[in-house]
Every structure is written in C-alpha cells, then in structure tokens.
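K.L.:
Here is what each chain is made of, one letter per residue.
2 protein chains.
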Amino acid sequence: MNPTIGILGGGQLGLMLLQASIDWNLRIHVLDPDAQASCRHLCTHFQQGSLTDYDTVYQFGQGVDVITIEIEKVNVEALEALQREGKQVFPQPAVIRTIQDKRLQKQFFRDHNLPTADFVLTDDRADVSRQVAQNPDLLPAFHKLGRDGYDGRGVQRVATTADLHKAFDAPGVLEKAVDFEKELAVIVARNERGEVQTFPTVEMVFHPELNLVDYLFAPASISESIDQQAQTIARQTAEAFGIVGLLAVELFLTKEGEVLLNEVAPRPHNSGHHTIRANVTSQFEQHWRAILNLPLGDTTGYQPAAMLNLLGEDGHTGPARYEGLDTVLAMPGVFPFLYGKAITKPFRKMGHITVMDPDLDTLRQKVAAVQGAIRVVSE
Amino acid sequence: MNPTIGILGGGQLGLMLLQASIDWNLRIHVLDPDAQASCRHLCTHFQQGSLTDYDTVYQFGQGVDVITIEIEKVNVEALEALQREGKQVFPQPAVIRTIQDKRLQKQFFRDHNLPTADFVLTDDRADVSRQVAQNPDLLPAFHKLGRDGYDGRGVQRVATTADLHKAFDAPGVLEKAVDFEKELAVIVARNERGEVQTFPTVEMVFHPELNLVDYLFAPASISESIDQQAQTIARQTAEAFGIVGLLAVELFLTKEGEVLLNEVAPRPHNSGHHTIRANVTSQFEQHWRAILNLPLGDTTGYQPAAMLNLLGEDGHTGPARYEGLDTVLAMPGVFPFLYGKAITKPFRKMGHITVMDPDLDTLRQKVAAVQGAIRVVSE
Numbered sequence: 001m002n003p004t005i006g007i008l009g010g011g012q013l014g015l016m017l018l019q020a021s022i023d024w025n026l027r028i029h030v031l032d033p034d035a036q037a038s039c040r041h042l043c044t045h046f047q048q049g050s051l052t053d054y055d056t057v058y059q060f061g062q063g064v065d066v067i068t069i070e071i072e073k074v075n076v077e078a079l080e081a082l083q084r085e086g087k088q089v090f091p092q093p094a095v096i097r098t099i100q101d102k103r104l105q106k107q108f109f110r111d112h113n114l115p116t117a118d119f120v121l122t123d124d125r126a127d128v129s130r131q132v133a134q135n136p137d138l139l140p141a142f143h144k145l146g147r148d149g150y151d152g153r154g155v156q157r158v159a160t161t162a163d164l165h166k167a168f169d170a171p172g173v174l175e176k177a178v179d180f181e182k183e184l185a186v187i188v189a190r191n192e193r194g195e196v197q198t199f200p201t202v203e204m205v206f207h208p209e210l211n212l213v214d215y216l217f218a219p220a221s222i223s224e225s226i227d228q229q230a231q232t233i234a235r236q237t238a239e240a241f242g243i244v245g246l247l248a249v250e251l252f253l254t255k256e257g258e259v260l261l262n263e264v265a266p267r268p269h270n271s272g273h274h275t276i277r278a279n280v281t282s283q284f285e286q287h288w289r290a291i292l293n294l295p296l297g298d299t300t301g302y303q304p305a306a307m308l309n310l311l312g313e314d315g316h317t318g319p320a321r322y323e324g325l326d327t328v329l330a331m332p333g334v335f336p337f338l339y340g341k342a343i344t345k346p347f348r349k350m351g352h353i354t355v356m357d358p359d360l361d362t363l364r365q366k367v368a369a370v371q372g373a374i375r376v377v378s379e
Numbered sequence: 001m002n003p004t005i006g007i008l009g010g011g012q013l014g015l016m017l018l019q020a021s022i023d024w025n026l027r028i029h030v031l032d033p034d035a036q037a038s039c040r041h042l043c044t045h046f047q048q049g050s051l052t053d054y055d056t057v058y059q060f061g062q063g064v065d066v067i068t069i070e071i072e073k074v075n076v077e078a079l080e081a082l083q084r085e086g087k088q089v090f091p092q093p094a095v096i097r098t099i100q101d102k103r104l105q106k107q108f109f110r111d112h113n114l115p116t117a118d119f120v121l122t123d124d125r126a127d128v129s130r131q132v133a134q135n136p137d138l139l140p141a142f143h144k145l146g147r148d149g150y151d152g153r154g155v156q157r158v159a160t161t162a163d164l165h166k167a168f169d170a171p172g173v174l175e176k177a178v179d180f181e182k183e184l185a186v187i188v189a190r191n192e193r194g195e196v197q198t199f200p201t202v203e204m205v206f207h208p209e210l211n212l213v214d215y216l217f218a219p220a221s222i223s224e225s226i227d228q229q230a231q232t233i234a235r236q237t238a239e240a241f242g243i244v245g246l247l248a249v250e251l252f253l254t255k256e257g258e259v260l261l262n263e264v265a266p267r268p269h270n271s272g273h274h275t276i277r278a279n280v281t282s283q284f285e286q287h288w289r290a291i292l293n294l295p296l297g298d299t300t301g302y303q304p305a306a307m308l309n310l311l312g313e314d315g316h317t318g319p320a321r322y323e324g325l326d327t328v329l330a331m332p333g334v335f336p337f338l339y340g341k342a343i344t345k346p347f348r349k350m351g352h353i354t355v356m357d358p359d360l361d362t363l364r365q366k367v368a369a370v371q372g373a374i375r376v377v378s379e
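As you go down the protein sequences, you meet chains C and Y in turn.
full-length UniProt numbering puts the first sequence at residues 1 to 379.
full-length UniProt numbering puts the second sequence at residues 1 to 379.
It is possible that part of the hints are untrue.
Chain copies aren't distinguished; within one or between two, either way the pair holds.
[Claimed, not checked] For lysine to aspartate or glutamate, the following DMTMM-like pairs were computed, each having C-alpha atoms within a straight-line distance of at most 25 Å:
no. : residue 1 : residue 2
1   : K349      : D101
2   : K345      : D23
3   : K87       : D326
4   : K182      : D361
5   : K345      : E209
6   : K73       : E209
7   : K349      : D214
8   : K176      : D55
9   : K345      : D34
10  : K166      : D127
11  : K73       : D124
Because the hints were derived from the structure by calculation, they are not lab data.
Model the full structure from these sequences, guided by the hints.
P.N.:
This is the structure we're talking about:
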C-alpha cells in the first residue's frame, strides 16, 4: 500500500478524503487552483494550479502513481494521456468524460436501458423551442446545460412555452420534469476486481430555490420494495459504467412508486457525508478501498442519521463566523464539520452537520433544534 | 474557534489528534524532534526540535495561543513560563510535572486518598535494599524509575531479595505488586468549566514480557459494581488533579474485587484508540473539546470493540512492510490504523487495529483471526 496518490481538487471532498487517508498513512498530492484550498496543509504535497489546463494536470500526474478526482470538471485529455502511459486513473477518464456532459450522461442511461425521465438533446435555445413544438408533452421540463453546471447552476425550469426564453443558448438536454414523491440517493463503490458495494439508500430534501441538498435522512423512509429498486438501479448503473471508485447515484421516486435515475457523480458526494459518523465504513474510506483495489468495507449504518448542509447566511459576505457552534456541540450525537473556507457568501457550502439518534422522532427534533441554533455569518 | 494550537510531539497520538481536528478546521502547529515524524505533512506548520529544551519549547509556544501535549516528557519550565505570560497550556504544567515523575504521582494518589498499591519512595539502589529490610512485606514489588520510564522501560520486577540488584540506582518508587484479576482503564475528560465525562471502562491484556498493551476489550467484562468503582476512581482522580484535557487512568482489579489506581497519563492513550471507530465521540475529539472549553461529547460505544497493537515482528529491523493487510481489510468491522513509521523494529508500535462486533464471541473470534493474519516485517 505504498503508491503516491494525486487528487485533482482540494476542496471539502478532498479534505474528507485526506482525513480518511490518515488511517492508512497514504502519501497524497493535491492540485487545486485556490492557493488557500482547504487541503493545502493536510497533504504530503500541495500544488496550486488549474484543473482544466492540459499541461498542469498532465505534469501533476507525472509525480504520482494513482490519480483520482474530487470534482469532475477536470482536463480529461490529460488524464487519458496519463492512463495511456500506465498511470492508474480512477475513476477512469472515459467515465468522467461521459458524466461531465449531461447530454452524454442521459444518453448513456438510455443506451443502457437504465430508467430515467424522458428527454431530448438540444443544440441551442432555438432548438429547444423547435423540439417542444414537436413534442409538447415534454413540458413541464428542466433545461440543463450539457457542460459545467454545478450545484444548481446550469439548470432552468421550463414549465410552459412562456418560459422557453429561459432555456440555455448552448448544447443541453431538455428533461421532462418528474412529479416526484421523494428524491433518493445511493452511493455505490466498485473496485478493479469488480466487487460492488452500495451504501444504504438516503432521502434528500432539496432547498426549494437553491437546487442543492438542504438536509437528508439515512436510511430513507421507503418500502423495502422501493429500496430494492433504488439499490438495484444504482448497482446496475455503476456496473454499466464499469467505474472504479465511487458513483453517487441520485434518483427520483415518482408518485406512482417508480424509481428513475436523475443524475450521477463519479466521486464522493454530499449525500454521503453522514457516513463519516454514522456508518461502519465512510464513503471516503470506501473511495480509497475502491481505487486501491482493496476489499470494499461494510456499509452498515450504526443509527439513523441526518445531514444538514451548513450554508452561508443570505446577506452575509466576508470572513466567516459560526454562531451557535457551542450550542450544537452540546447536543449528543450532533457533529459539525467545517470546511475551513475563510470567506462566507450567501448559500455557500461552509460545512455540514451530521445528526444521529436511534429514535427517528428524536432525530427529527434534533435536526430542527440544530437548524434553529446555528448560522454562518460574516464578522 | 479560531485559536492557533501547538502540540508538543508529532507521533501517532499527534497524528490521531490531527485527524480529529479536521472536522473543526483547527489551525495546528506541531513540534517534534524527528524530521520524519508521522505528523509532518498533516498540520498547518511543522517544526523539528527538542521537546525537552527550554528555549525550543518556549519559542514554539510563542507562535500559538493554546499549547497541548501528546507525550509528557516535555520541558515543563518552558510551559510554566508560557502559562505565566497568558498562553493557555492544557493539560496544565503543574499536572504534567506531577505525572512526569512516578514518585510525585504515587505520592499525589496517597495525599488525595485515592486507592493505590502500597509503596515507598526510594533514593537509590541501596535505599531500596534498606527499605525492603525494614518492610519485607513490600515484596514481591515493582521498582519504577521516577522519571523517563516509558512503554515498559523503567520498570523492574523485584520478586525476592535476590532481585534487589535489579533495582534502579536512581530515585524511584518501590510498589507492592498487585495480584490482579484484570487491568482496567478509564479515560476521563475535563474542561475548564469543570464538566467531567468518562469513557466506558476497558479491559487491557498486557503482553507478558513487553509490559505494553497487547490487546484490549471495550467494554470490560466486569460487574456493574466494579465498573462503578473504576468510573468513580477515575473521575475523582481527574478532579483531584483539576486537569483540563484528557486523563487516562490505568487501574488494577484485585482478586478480592478491589479497584486500585495503577498510573495515569495526561493525554490521549493507547487504551482509547478504539474510540475513533467504536464510540460516538473519540478520545481525540474529546481532547479538543476539553482543552478548547467546548461541551464534552457523548462517549457511548456503538458496539463491543477490541483493539490490538500492531507491533514490529521480532527479528525484523528495517523498512516496514505490512503482511496480511488485504486479508484484515476484508473482514467486516476490522479497521487497521498505521502510524507511518518508515522503519520497523522488534515490538515497535507500528499501528493498531480496531475490531468491532455486536456479539462478544464473534468479536473474540475476529481478534484471533486478525492476530493470525497480520505481521509487520522488514522488506
């Protein structure tokens, strides 16, 4: 277990990967464009540089044996070159390439008979209008940018033809809106020897406006048959990609009890942060196990858990201050995790809080108490 | 929660403190004499230097707001000077001074009516003989060096007068050997506001020759009344010291069902490593909570756990290689933690392995399987 590993990206996911790597004393280099990235002091070697520049990524990769990512917006051509030269690149560049582009991703689901909402690929804004005219049943829909959408950016709701002007004037995918009961997620790990292991299905509650996870519950309150559907689709998706590493699979549970693929990410994911505290193996340790071709770990949860994102307060921009931290630290089974970002901005992800309790009602009460107690403001 | 913290010592305990600090994004400087110390890449600032040199410790302390330790063999005078100048030094220098010297430590127990084995303080080897002549009931006994004993060094068994030549020719304590049933340990945390919290009592099995923990079980298999005694003594001891931080309390359970203090350490301890995986709050997070005057965390264990020290194989000195790691990683609920020491030596602590299982018999079987599967050898 002596390879030198490189991570593209040194934000909060990198931070949690580094924390998990300490158990096995892994040697890790980190590349991030931000000289003040969260990871800068917690790795064997930190390099400031662009993740999307071919030469930077290629040269960074020359210094390590195994390359992985904590963000999918990276230069895939450089990763392909490194892979050709014998470096281990996990997840594989081909998987990243497909997932990077929501058009290729949706098409991949369709090509592999993975259940997903109906959609059409669109070239530009005019094309969206043309296709809606031909197929009015697509509305209400979401128009998603093919590339570079992230955390709610790059998605527009097109409810009626009156909204068509909001569509992106760039290649995208127009996806029929799912009238869902719940949003679910399953994190899957797969290693090189083909072992596959899923985490328990979680239930995500999105912020009504921000299109990012407000909080989640693990395990999801769903019937065993729905759970089986979700687990099966997640596993089939990971196997279809043949991914080595983690695949975070976001799903819709429709009002008719059908489970549909929403989208996937080839890396640790916000929907698995609670596993650091609540599960035998965390998603971060599982990522290392997967990409180092080690046996995958037991994913059992110890207790029901919730995870809240700690977002920067609206109207506050500047050096971050955490109000109410002492209060939440006094609550049993409440674990704040701060990402170390110096500056808070409205709705910026500044940390998360895991809440655990054996009793579901008490868990919900604790979540409400935490939400009422803590705020990230500027100094 | 923005102080800069300094840790004296950058070995495995420092490593685990750093790992726990990542959740709260603490800014940490580390001082260690070894330029290759485990912590060197995992802190905000690493400084190579002596822990026992006044100037080095004093100057290191000037650069931080809060100073703590991961080893008690440090320059206490420098810590006292830093404390006088308004730095927060936890555990307090006075506590470190008492505990550093086994003579002062034992006398402290006696002065505070804390139950402990009978003993006499001895000036030198001749004094040991004199005192045994006056009080032959002290034998069989252990002669312990007052200062600088560590991990089994600095302890000699004096079973009969024929062993008197083995006694140290330096200030020490001659302590009547306890005919014990079990060795127990309780880790206590106390913060500045006087909150005290104990971890569940564990049962340690020492290596028959090496005088270091071979493995431990948590919780200990003892009656509730014995457990209460152990917990009460541990709490009283922490309160007697008025310590801010962790106090690891080692205890004997005698064959008569009496609980006696053996010795204490003012820091995270080998007897609490399993808490990283097995307890709601780990001893390392609890240390941060205690010295930063935050509310202490819930210490409940999720499942019965065992901890095995991973010692360098006898006869092997050189670059370390871990045989059987893949095998133990495939066992559910088995968590190796490697300290990143480049060189293995016979019986050197190279890591530890936490083993968990809801069922005690299965737990014991897993421990045996792990012991049979893994070895640290030289390359």
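K.L.:
Taking the hints in turn, state whether each one holds.
P.N.:
Evaluation of the provided hints:
1. Taking the closest pair of Cα atoms, K349 and D101 come within 25 Å of each other only inside a single copy of the chain (23 Å); across copies the shortest separation is 49 Å, beyond that limit.
2. For a Cα distance limit of 25 Å, the shortest separation of K345 from D23 across copies, 20 Å, qualifies, whereas the shortest one inside one copy, 33 Å, does not.
3. Taking the shortest Cα distances, K87 and D326 sit within 25 Å of each other only across copies (22 Å), while inside one copy they are farther apart (46 Å).
4. In this homomeric assembly, K182 and D361 come within 25 Å of each other (Cα to Cα) only inside a single copy, at 19 Å, whereas the closest approach across copies is 41 Å.
5. When the C-alpha separation of K345 and E209 is checked against a cutoff of 25 Å, the pair qualifies only within one copy, where the shortest distance is 16 Å, while the shortest distance between copies is 59 Å.
6. Proximity of K73 and E209 under a CA criterion of 25 Å is satisfied intra-copy only: 24 Å inside one chain copy versus 56 Å between copies.
7. In the homo-oligomer, the alpha carbons of K349 and D214 lie at most 25 Å apart inside one protomer (10 Å), although the nearest pairing across protomers, at 44 Å, exceeds that limit.
8. Taking the shortest Cα distances, K176 and D55 never come within 25 Å of each other, neither inside one copy (39 Å) nor across copies (70 Å).
9. Within a single copy, K345 and D34 get their C-alpha atoms as close as 16 Å, which meets the 25 Å cut-off; across copies the closest is 41 Å, which misses it.
10. For the homomeric pair K166 and D127, the shortest alpha-carbon distance inside one copy (13 Å) is at most 25 Å, but the shortest distance between copies (92 Å) is not.
11. Taking the shortest Cα distances, K73 and D124 sit within 25 Å of each other inside one copy (22 Å), while across copies they are farther apart (69 Å).
Hint 8 from the list above is the single one not met by this structure.
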